[in-house]
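Based on these hints, arrange chain B on the given structure of chain A.
The listed protein sequences correspond, in order, to chains A and B.
Going by the numbering used here, 139 is the number at position 113 of the first sequence; the sequence numbering is gapless.
Going by the numbering used here, 215 is the number at position 189 of the second sequence; the sequence numbering is gapless.
Any given hint could be a false lead.
Identical copies carry no separate label here, and so any pair may be met within one copy or between two of them.
Stated by the list, open to error - Lysine-lysine pairs mimicking DSS-like chemistry, simulated, CA-CA at most 25 Å apart: (1) K152 - K59; (2) K74 - K152; (3) K77 - K213; (4) K293 - K152; (5) K77 - K164; (6) K360 - K38; (7) K38 - K152; (8) K59 - K164; (9) K360 - K45; (10) K365 - K445; (11) K298 - K273; (12) K59 - K320; (13) K89 - K152; (14) K285 - K251; (15) K391 - K246; (16) K467 - K401.
If you're looking for bench data, these hints aren't it; they were derived computationally from the structure.
There are 2 protein chains.
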Amino acid sequence: MLLSNSFIPVLKNNPSEAKIKSHQLMLRVGMIKQASAGIYSWLPLGFKVMKKIENIVRQEQNKIGAQEILMPTIQSSEIWKESGRYEDYGEEMLRITDRQNREMLYGPTNEEQVTEIFRSSIKSYKSLPQLLYHIQWKFRDEIRPRFGIMRGREFYMKDAYSFDISDDEALYSYNKFFLSYLRTFKKLSLTAIPMAADTGPIGGNLSHEFIILAETGESKIFTDKRIFELNSDDTNLEKKSLDNMRKKYEQYYAVTDEKFNKEKFEKIVLEKNRLITKGIEVGHIFYFGDKYSKAMGASVDLPGGKKDFVKMGSYGIGVSRLVGAIIEAKYDEKNEIMKWPLSVAPYDIAIIPMINKNDNSALDKANNINEELIKNNIDTIIDDTDENFSSKIKKMNLIGAPYQIIIGKKNDGDLLEFKETGGETQNLPLNKIIEIITKQKNSI
Amino acid sequence: MLLSNSFIPVLKNNPSEAKIKSHQLMLRVGMIKQASAGIYSWLPLGFKVMKKIENIVRQEQNKIGAQEILMPTIQSSEIWKESGRYEDYGEEMLRITDRQNREMLYGPTNEEQVTEIFRSSIKSYKSLPQLLYHIQWKFRDEIRPRFGIMRGREFYMKDAYSFDISDDEALYSYNKFFLSYLRTFKKLSLTAIPMAADTGPIGGNLSHEFIILAETGESKIFTDKRIFELNSDDTNLEKKSLDNMRKKYEQYYAVTDEKFNKEKFEKIVLEKNRLITKGIEVGHIFYFGDKYSKAMGASVDLPGGKKDFVKMGSYGIGVSRLVGAIIEAKYDEKNEIMKWPLSVAPYDIAIIPMINKNDNSALDKANNINEELIKNNIDTIIDDTDENFSSKIKKMNLIGAPYQIIIGKKNDGDLLEFKETGGETQNLPLNKIIEIITKQKNSI
Numbered sequence: 027m028l029l030s031n032s033f034i035p036v037l038k039n040n041p042s043e044a045k046i047k048s049h050q051l052m053l054r055v056g057m058i059k060q061a062s063a064g065i066y067s068w069l070p071l072g073f074k075v076m077k078k079i080e081n082i083v084r085q086e087q088n089k090i091g092a093q094e095i096l097m098p099t100i101q102s103s104e105i106w107k108e109s110g111r112y113e114d115y116g117e118e119m120l121r122i123t124d125r126q127n128r129e130m131l132y133g134p135t136n137e138e139q140v141t142e143i144f145r146s147s148i149k150s151y152k153s154l155p156q157l158l159y160h161i162q163w164k165f166r167d168e169i170r171p172r173f174g175i176m177r178g179r180e181f182y183m184k185d186a187y188s189f190d191i192s193d194d195e196a197l198y199s200y201n202k203f204f205l206s207y208l209r210t211f212k213k214l215s216l217t218a219i220p221m222a223a224d225t226g227p228i229g230g231n232l233s234h235e236f237i238i239l240a241e242t243g244e245s246k247i248f249t250d251k252r253i254f255e256l257n258s259d260d261t262n263l264e265k266k267s268l269d270n271m272r273k274k275y276e277q278y279y280a281v282t283d284e285k286f287n288k289e290k291f292e293k294i295v296l297e298k299n300r301l302i303t304k305g306i307e308v309g310h311i312f313y314f315g316d317k318y319s320k321a322m323g324a325s326v327d328l329p330g331g332k333k334d335f336v337k338m339g340s341y342g343i344g345v346s347r348l349v350g351a352i353i354e355a356k357y358d359e360k361n362e363i364m365k366w367p368l369s370v371a372p373y374d375i376a377i378i379p380m381i382n383k384n385d386n387s388a389l390d391k392a393n394n395i396n397e398e399l400i401k402n403n404i405d406t407i408i409d410d411t412d413e414n415f416s417s418k419i420k421k422m423n424l425i426g427a428p429y430q431i432i433i434g435k436k437n438d439g440d441l442l443e444f445k446e447t448g449g450e451t452q453n454l455p456l457n458k459i460i461e462i463i464t465k466q467k468n469s470i
Numbered sequence: 027m028l029l030s031n032s033f034i035p036v037l038k039n040n041p042s043e044a045k046i047k048s049h050q051l052m053l054r055v056g057m058i059k060q061a062s063a064g065i066y067s068w069l070p071l072g073f074k075v076m077k078k079i080e081n082i083v084r085q086e087q088n089k090i091g092a093q094e095i096l097m098p099t100i101q102s103s104e105i106w107k108e109s110g111r112y113e114d115y116g117e118e119m120l121r122i123t124d125r126q127n128r129e130m131l132y133g134p135t136n137e138e139q140v141t142e143i144f145r146s147s148i149k150s151y152k153s154l155p156q157l158l159y160h161i162q163w164k165f166r167d168e169i170r171p172r173f174g175i176m177r178g179r180e181f182y183m184k185d186a187y188s189f190d191i192s193d194d195e196a197l198y199s200y201n202k203f204f205l206s207y208l209r210t211f212k213k214l215s216l217t218a219i220p221m222a223a224d225t226g227p228i229g230g231n232l233s234h235e236f237i238i239l240a241e242t243g244e245s246k247i248f249t250d251k252r253i254f255e256l257n258s259d260d261t262n263l264e265k266k267s268l269d270n271m272r273k274k275y276e277q278y279y280a281v282t283d284e285k286f287n288k289e290k291f292e293k294i295v296l297e298k299n300r301l302i303t304k305g306i307e308v309g310h311i312f313y314f315g316d317k318y319s320k321a322m323g324a325s326v327d328l329p330g331g332k333k334d335f336v337k338m339g340s341y342g343i344g345v346s347r348l349v350g351a352i353i354e355a356k357y358d359e360k361n362e363i364m365k366w367p368l369s370v371a372p373y374d375i376a377i378i379p380m381i382n383k384n385d386n387s388a389l390d391k392a393n394n395i396n397e398e399l400i401k402n403n404i405d406t407i408i409d410d411t412d413e414n415f416s417s418k419i420k421k422m423n424l425i426g427a428p429y430q431i432i433i434g435k436k437n438d439g440d441l442l443e444f445k446e447t448g449g450e451t452q453n454l455p456l457n458k459i460i461e462i463i464t465k466q467k468n469s470i
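So here's chain A without its partners, still in its complex pose:
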């Protein structure tokens, strides 16, 4: 892609209205544009990143056997009255009256709607478990939307719902999502830690938030820092393996401030292991048993002939928020260098040719290199503008393709100036560069 053809409106300076670095960077390189308070358009650069995140989330949901559906954004108030949450939800719910004077709303979450789908479709325990998810826009009418897409009003979220015959089976489903979340965040190059959390308006008695560390985070966290050394690489989808994974993570104290108990923290966690810091919530899972199924009459026939309400959980990942969260975790604000994880990078590599008047040789070279890269499925952006060289490099450091090839005056035969964005320059031939990137892509 040539930069001159692309719709990437870059600003010279940081926008003054943005208070945190993800919001600054996203406005600065034209990833998003505000439409109104807390509501954003996604321009091509931001859209590409969000779509890649969405696809990773989707793949990991599919791997645990969850099936994708798509519920509408506009819901009827009826089902919310059945569950009893219509009044509870307060002013954060965007309430709408249609032309027939029906009470509608823009869904902030979908427990009611999915329960309604389930109860009219599934009648027997034989059809359980069911894991359903969708990736859809939600709306919460925040009184003070802020931090760009990190706390917007219209946001993109994956929410999944599990339906099981018993508590035991339901916890099995819960643990599957627990694993899929660890895998999802790992693919995004994020270290997300599951923390015991309050259930809030969703309800239930078991809940984990997945938190990544960031100074700008809104969640205060208290943890045994050894939890950061854990991983789920050996876990599979068997019940026992998943149980062990949960136990492994739960051996360490790790809570957000809502659940914090100073006495307990200091008793359980040795001083040298204590970590008190801030983080960003990127996922949240809940087990709430029959809270919705009972209120809404979602029951199935049991083996013996009786009926029982299904046991449900719900599982959310903030897809649009993750774009900002990755920036918060990865952006070197001081040096103005963003290096996207290759799995979600808007481009794999940037080619930056020095273009002088009446001399297009560097641009021609860039185009030739690009052709080779395309053949190898490597997605490129070429800065073909005639801006001065240093401002081109500065701009590409912000756009954040994880690799760069710089084509300056020096002509070093077949060797190219290649670097990881923000790293040291190496002189390498093109085939070696292709090898490095391809290897890295295949390891995702």
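Here is chain B on its own, set in the frame of chain A:
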């Protein structure tokens, strides 16, 4: 995929509330579920088809150099007041007041929003042309929503917008979209004919609707039937080639009833070539010059130093509607046989084993075949339920994978009972079946 694990709630009979065959079939095989009047949830089967359609639409937009963005569903009334359409749009616009008493609305279309993005980002003719598109949910508060997702209130649409420096360049962009629409519908196995159309509330003086023939269509069409023999296979993205394509299509009379002129029709079209029938609108393109750019002040610097308002067009494809339109075009209602085009089929092939009590041999065989098919990237659904054989076949004929393997009592060595859904049975070895399907997939 095993049918017993999947969320495909099939009804025994046609639902009485559905009046046209696409609505009937979609409810019957659990592709969609109504949430409220004119608002639907997409269940896994319907979701898969819609997603495949969306991806074909996306690919063809990308091929003409359009860049994907994503604008929000909720818009501010401000920009609609600027364009003058806020009052004009009437009750079909879903108007919303947020908690701060701001006038918002659920976007029925995006001319204003994209013009606002353009004017704040692009300042020079050097950055033109720009072709931007997004695929997003829209809402039109129809007084009488009907025919399921064919005329729903919340619907999924691809809308694109072009920005050019002159009428001439703008018509070049118009023709690019014209071509991409012909290609898109062809990939969906639809014969869509471009017809001169009124511009309605979008405005402008040049417009084409893309219409597929269907008795249940809401558009009455009058055409020279020789237009159905045309194709765009030899057209490329050069200006001249696109001009010739437009001329080729426009040599034949083809209009919807809004533009119909009886005298002209009978004068231009020989009686033997006249076709008066009904169709479904699946795409609509508009050229409206500076209607929005002038009202909203979207201008660019010209080469000589002056400024001018950009010339714009807009281009819509009804992604959710296409699911229904394909059913209207392809479903054999009398014999209850649906055969999805392979490019958008929810599964490539259905395996239907006869399962008797205490005899799982047919199911084992089905699973073995499935493993081979998976290795060859062929997506399968196996009916592993213990329903009787004829109702299994009936159900799979409705679900509509384009190929079937039937595993009955007969054991014919390595030969399998294979057919195109609704076609004649052939006895073929598995490797031959794989070859047939793979060849067909590669030709899409």
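Do the hints match the structure? See the list:
1. K152 - K59: between (48 Å within a copy, 21 Å between copies)
2. K74 - K152: This pair counts as between: shortest inter-copy Cα distance 24 Å, intra-copy 41 Å.
3. K77 - K213: Both ways: K77 and K213 sit 14 Å apart in one copy and 23 Å across, limit 25 Å.
4. K293 - K152: neither (47 Å within a copy, 66 Å between copies)
5. K77 - K164: Both: 16 Å inside a copy, 19 Å across copies.
6. K360 - K38: Classified as within; 16 Å inside a copy, 65 Å across copies.
7. K38 - K152: between (61 Å within a copy, 18 Å between copies)
8. K59 - K164: Both, since 18 Å and 19 Å are each at most 25 Å.
9. K360 - K45: within (15 Å within a copy, 63 Å between copies)
10. K365 - K445: Within one copy only: 11 Å inside, 52 Å across.
11. K298 - K273: within (22 Å within a copy, 78 Å between copies)
12. K59 - K320: between (43 Å within a copy, 21 Å between copies)
13. K89 - K152: within (21 Å within a copy, 46 Å between copies)
14. K285 - K251: within (17 Å within a copy, 72 Å between copies)
15. K391 - K246: neither (51 Å within a copy, 56 Å between copies)
16. K467 - K401: both (15 Å within a copy, 22 Å between copies)
When held up to the earlier numbered hints, the structure conflicts with 4, 15 and fits the remainder.
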